[in-house]
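Novice: For reference, the chains in residue letters:
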Amino acid sequence: MIKLSNIDRYYQSKFQRSFVLKAVNLEIQQGEFVSIMGPSGAGKSTLLNIIGLLDEPSAGTYTFLGNDMLSLTEKKKIEYHRNAIGFIFQAFHLIEELTVYENIETPLVYKGVKSKERKAMVADLLDQFNMVAKKDLFPSQLSGGQQQLVAIARAIIGKPMLLLADEPTGNLHSDQGKQIMELLSGLNKEGMTIIQVTHSETNAMYGNRVIRLVDGIIREENVQPAFFIQPN
Amino acid sequence: MKTILLTFRKLKKNKTAASLGIAGLVVGLVCVVYIFFWVNDEASYDRFHTNIDRIFVVHAYLEGGTKKIDFRGCPPAVAPALKDEYPEVENTCRYLPGEYFEHLVSFGDKKSILKTAYADVSLFDIFSFPFVYGNKGNPDDPNQIILTQTVAARYFGDTDPVGKIVRFNNTTNLTVAGVVKDIPHNSSIQFDAVVPLQNLVALWGRNDILTTWYNNAFTTFGLLKSPAGFDKIASTITRRIQKEMPESTNFLRAYQFKNGYLYEQNNIRNVKIFSLIGLMVLLAATLNFINLTTARSTKQAKETGLRKSIGATRGNIIKLIYSDVAIICLLAFGAALLIAIAGLPFFNNLIGKQIGLSSLFSVAPLGIFILIYLCTVLLAGSYPAFFLSSFSVSETLRSGFHSVKNKGVLRNSLVITIFVVSIILFTSTLIITKQTLFLQKMDIGFNKEQLIYITLEGKLKERVKTLKEEIKRSPEVTSATATSFLPVVVGNNGEGWEWEGKDPNFKPLVTDWGTDEDMVKTLEARLIEGNYFSNDRQGIVINKAFAEVIGWDSFVGKTLSAYGQSHQIVGVIDNIQYNSLSETCRPMVIQQVGDWATRYLIIRVNTNQFDKTIKSISKICETIEPDFPVQYGFVNDEFAKLTKAEANLKKLVSIFSVFALIVLCLGLLGVVMFLTEQKTKEIGVRKCLGENVSSIVVKLIKPFVVSGLVASAIAIPATWYLMNRWLQNYTNRIDLDGWIFLFSIVISIAIAVATVSWQSWRAATRNPVEALKYE
Ligand SMILES: Nc1ncnc2c1ncn2[C@@H]1O[C@H](COP(=O)(O)OP(=O)(O)O)[C@@H](O)[C@H]1O
Ligand SMILES: [Mg+2]
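Chains U and P supply the protein sequences, listed in that same order.
Counting from 1, position 228 in the first sequence corresponds to residue 228 in my numbering; the numbering is continuous, with no gaps.
Counting from 1, position 532 in the second sequence corresponds to residue 532 in my numbering; the numbering is continuous, with no gaps.
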């Protein structure tokens, strides 16, 4: 589904380029659950952002379902964000002034889904995530784990085929983290392709494949069928 | 609906920054609303006349002499000639302003002094003064009077007074022909009553008073059949007087009545000044608002990035930002309007206007107001819209993201702009105040304090000598003098004076003032040569300005002549500043006042207990003339009227500069709160490293002082330029010195430092452990 070849990403300062990503080649199939690991500053988020069309590589090619992603118009990019790609972040990034319900609903508003349909879809997800009682609360009234649940709900309400998660459990206690990881694993089983950045080996085990990034270069890739080492 | 809700939630979240920003905006807008009220009122002058576009005014001016001098009116023969000779002219009217003539009008035992205009009754055909009762009456009957509604009610209550007979000036009986609605305050034609012009014949005792081609006392209005006819009149009228009197130096000029108040009387100057101030304050308030709303831009930028990542278009984002701003501005406008309306009576009181709300609720003012609103929204919304979308999404969503780094310059320039506006306004206030005080305290050639005057009517005029003696008997009265005019407003002038060696083409306009022999003593005026005239020393006294025009070395004993009569000069008096304080004194001749010309008795008293003195003076007047109510006043008050425009300007500019300073303080407070919050950690670290509180406070305050200084560098030349232009209207004026600028800069910066000090001190004295725990 995703094919990156020879991706470079550098920042040009006055006298030198500093490479964040260098000659990255990566292929990800539909239905995979990939974990990206590596030290801080290695370029993990940058890679994720490039895949998610929030950032552009300085060189290389990127195709998504066979389509070239580097020559997209702004309009097309927005289409992908609305329909194909969902994001979750370490810092949750919920909109503080919106209630749980409204946060989850927002992508549908942008997508132009009718109000009645929106209601049904959000209600469904709230039900699935056991958050019906919390739907009128504001993010600040929730625990970190609950906030991340809302963020996931918001990311998947548009039924994206690809979910990008940048250290989704980084700000959470371990048991909250576990809950989130199980949720992601469940989504993956239902067919969603997931790429996550994580520092935790345990969390990486939820995926079927680990990519280790050091100084912008992919050092190691190991494939491990998720069902093979399912932690308990 | 949803956006409104969202905006309110945001406001609730960022209480302090938002409320400071909004408060600043409200303060600025209140100021703008008042300026708008004021400008709108000025611009609405005389606009209520339905024929406004067709009315023109003709007046005379004097060429020759030292400079061109305009008269308000022109000779009485001009109006009929206009009507006869120009087919474009539908009607004309001669008018002597009501402000000039105060006459006693009585009905039974009800007496009142009315400002009475003398006018051709065509006045009511040309202008829109609608009748409540009756009509303009018979144009050929001089024995009638038209009253305004309030005045009529004083005599007749609510009943229809048409046909009732009132006594005028205690000499004639006039029939009430009609009652007109009260005249709006924004009318340049004001009166309590109108009597037909023919009555002037009796008043001035001359039969040809209405037919001469000289005497520029008559304000002359014309009504055109169509506005297009004006150009022909304006271009052909100039030498009309010369057709009858080839030797006359009076020329005629026509202007459109609708331009009279604003342009001819130069009220547009203050309109411009205040529009400029309004714009500056609005700019400052809006910048302040922008500054404080973008203080939370880190969060907003993150939110924007996030919204983009979940599929928002640029359009969505921009719409969100603008509607956010539009809602807040709407709130601020609403609040400002409410506050302004609530404070309107106070404002009216302060500036001596009667601005009503009704004038606002018509198309043009509302349109302008909506325009101001849209501009504010555009201004306040464009910056965040542009600024927030300038970040790349991935950048905003990174955990260490701060939008502020590259914002320091911008914030500084916003702060500086607000500073500049405040300093300009504050300095201007000081300069205008100084100039006004200068005019008020200027040496005017006599002592205007403790002078009471009585207007002489009826028997008071006939028996002025007795009156004077009686009054002088009371111990509080030092001296008294009978005069033709009050020294502040001398309205009689001519160009007939000749002297030996004068260039025959040089015809200076010389003012004629009549007094009795006690003028110098009573007014405490100063002679610079010779003596004042007295019963055994007949002759004239000239003022210093006239002496300079003539240019001799000595004057006493020499003669001047006027209209074939020669007059010996007995003395030269130091200039008594009259009519205008802004110009240098004009030439004047003082003569023994004739009985018929005596209009005032000016009395010097030696006490400030005026009540008692006035009571005893009134008693004396009433015994001599029981039919007229006593009319008295203070020379001081009359004098104050000369600086009314400046005093008003001073009041308004000071109010507005206070508004601007409040905006500045609110803005600085917001900025410093934001900065200290941002630097909590840094301050904590510094304190742990042993830096003391005062050094930290100084570090926090320093940028504000620097901004203030940079702003001063911009504000000083701007203020200097503006104020210099303003001062050019005055011959008698102050010099712009550095001290006034220095003073205002020191004060502005001191206010700024005081505003930010407390916050800085609080931040610097916070427990460092607490500070480091933050985040
Ligand atoms: N706008 C930028 N300008 C310069 N360097 C940047 C910029 N954004 C990120 N970087 C650098 O890119 C590197 C990789 O960042 P990132 O992808 O966030 O790393 P990770 O997520 O692996 O911690 C870091 O060293 C960071 O300093
Ligand atoms: Mg990262």
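If you are wondering where the hints come from, they were derived from the structure by calculation, not from laboratory data.
Here the structure is a predicted model, which means the values were calculated and not measured.
Incorrect hints may appear among the rest.
[To be verified] Below, in silico cross-link-like pairs of lysine to aspartate or glutamate (EDC-like), each with a Cα-Cα straight-line distance of 16 Å or less:
#1 P/Lys12 <-> U/Glu96
#2 P/Lys15 <-> U/Glu96
#3 P/Lys558 <-> P/Glu548
#4 P/Lys10 <-> U/Glu27
#5 P/Lys544 <-> P/Asp595
#6 P/Lys68 <-> P/Glu500
#7 P/Lys15 <-> U/Asp136
#8 P/Lys507 <-> P/Glu99
#9 P/Lys13 <-> U/Glu96
#10 P/Lys181 <-> P/Asp158
#11 P/Lys641 <-> P/Glu99
#12 P/Lys299 <-> U/Glu96
#13 P/Lys2 <-> U/Asp8
#14 P/Lys299 <-> U/Glu97
#15 P/Lys12 <-> U/Glu32
[Stated by the list, open to error] Far from chain P, by Cβ distances over 12 Å, these chain U residues were calculated:
#16 Ser45
#17 Asp55
#18 Lys77
#19 Asn83
#20 Ile85
#21 Leu98
#22 Glu102
#23 Pro107
#24 Lys111
#25 Ala123
#26 Gly186
#27 Val210
C-beta: ideal position from N, C-alpha, C; glycine also.
Novice: A separate judgement is required for each hint: does it hold in the structure or not?
Specialist: Results of checking the hints against the structure:
1. Between the alpha carbons of P/Lys12 and U/Glu96 the distance comes to roughly 11 Å, so the proposed pair stays at or under 16 Å and holds.
2. A distance of roughly 14 Å separates the Cα atoms of P/Lys15 and U/Glu96; the hinted pair therefore holds under the 16 Å criterion.
3. Between P/Lys558 and P/Glu548 the alpha-carbon distance is near 15 Å, which keeps this suggested pair within the 16 Å criterion.
4. Distance hint between P/Lys10 and U/Glu27 is unfulfilled; the C-alpha atoms sit about 43 Å from each other, more than 16 Å.
5. Distance hint between P/Lys544 and P/Asp595 is unfulfilled; the C-alpha atoms sit about 26 Å from each other, more than 16 Å.
6. Distance hint between P/Lys68 and P/Glu500 is unfulfilled; the C-alpha atoms sit about 24 Å from each other, more than 16 Å.
7. Taken as a hint, the P/Lys15 and U/Asp136 pair is broken in the structure, with Cα atoms around 22 Å apart against an allowance of 16 Å.
8. Distance restraint check for P/Lys507 and P/Glu99: the Cα-Cα separation of roughly 30 Å exceeds the 16 Å cut-off, and the hinted pair is therefore not satisfied.
9. Restraint check: the Cα-Cα separation between P/Lys13 and U/Glu96 comes to about 9 Å, which is no more than 16 Å; the hinted pair holds.
10. For a cut-off of 16 Å, the pair hint linking P/Lys181 to P/Asp158 stands: about 13 Å separates their Cα positions.
11. About 13 Å separates the Cα atoms of P/Lys641 and P/Glu99, which keeps this hinted pair within 16 Å; it holds.
12. Taking the CA atoms of P/Lys299 and U/Glu96, the gap is near 10 Å; set against the 16 Å cutoff, the hint holds.
13. The suggested pairing of P/Lys2 with U/Asp8 is violated, with an alpha-carbon distance near 43 Å, which exceeds 16 Å.
14. The straight-line distance between the Cα atoms of P/Lys299 and U/Glu97 is roughly 11 Å, inside the 16 Å bound, and the hint therefore holds.
15. Between P/Lys12 and U/Glu32, the direct Cα distance comes to roughly 44 Å. Violation of the 16 Å bound is thereby established for this hinted pair.
16. Separation of U/Ser45 from chain P is inadequate, the least Cβ-Cβ distance of about 7 Å not exceeding the 12 Å criterion.
17. Not every C-beta of chain P lies more than 12 Å from that of U/Asp55, the closest at about 4 Å, which undercuts listing it as non-interface.
18. Remark: the non-interface label on U/Lys77 conflicts with the geometry, its nearest Cβ contact in chain P lying 9 Å away (cut-off 12 Å).
19. At roughly 8 Å, the least C-beta separation between U/Asn83 and chain P is not larger than 12 Å, which violates its mark as non-interface.
20. Residue placement check: U/Ile85 does not keep its beta carbon more than 12 Å from all beta carbons of chain P (closest about 8 Å).
21. Annotated as non-interface, U/Leu98 brings its C-beta within 12 Å of a C-beta of chain P; the closest such distance is 7 Å.
22. The non-interface label for U/Glu102 is inconsistent with chain P: the shortest C-beta to C-beta separation is roughly 8 Å, within 12 Å.
23. The Cβ of U/Pro107 sits about 4 Å from the closest Cβ of chain P, inside the 12 Å cut-off, so the non-interface label is violated.
24. A beta-carbon of chain P comes within 12 Å of the beta-carbon of U/Lys111; the shortest separation is about 6 Å.
25. Consistency note on U/Ala123: stated as away from chain P, and its beta-carbon is indeed over 12 Å from all of that chain's, at 18 Å minimum.
26. Every CB of chain P lies more than 12 Å from the CB of U/Gly186, the least distance being 21 Å, so the non-interface label holds.
27. Chain P leaves U/Val210 outside its interface by the beta-carbon criterion, the shortest separation being 23 Å against a cut-off of 12 Å.
Violation of the numbered hints given earlier is confined to hints 4, 5, 6, 7, 8, 13, 15, 16, 17, 18, 19, 20, 21, 22, 23 and 24; the remaining hints are satisfied by the structure.
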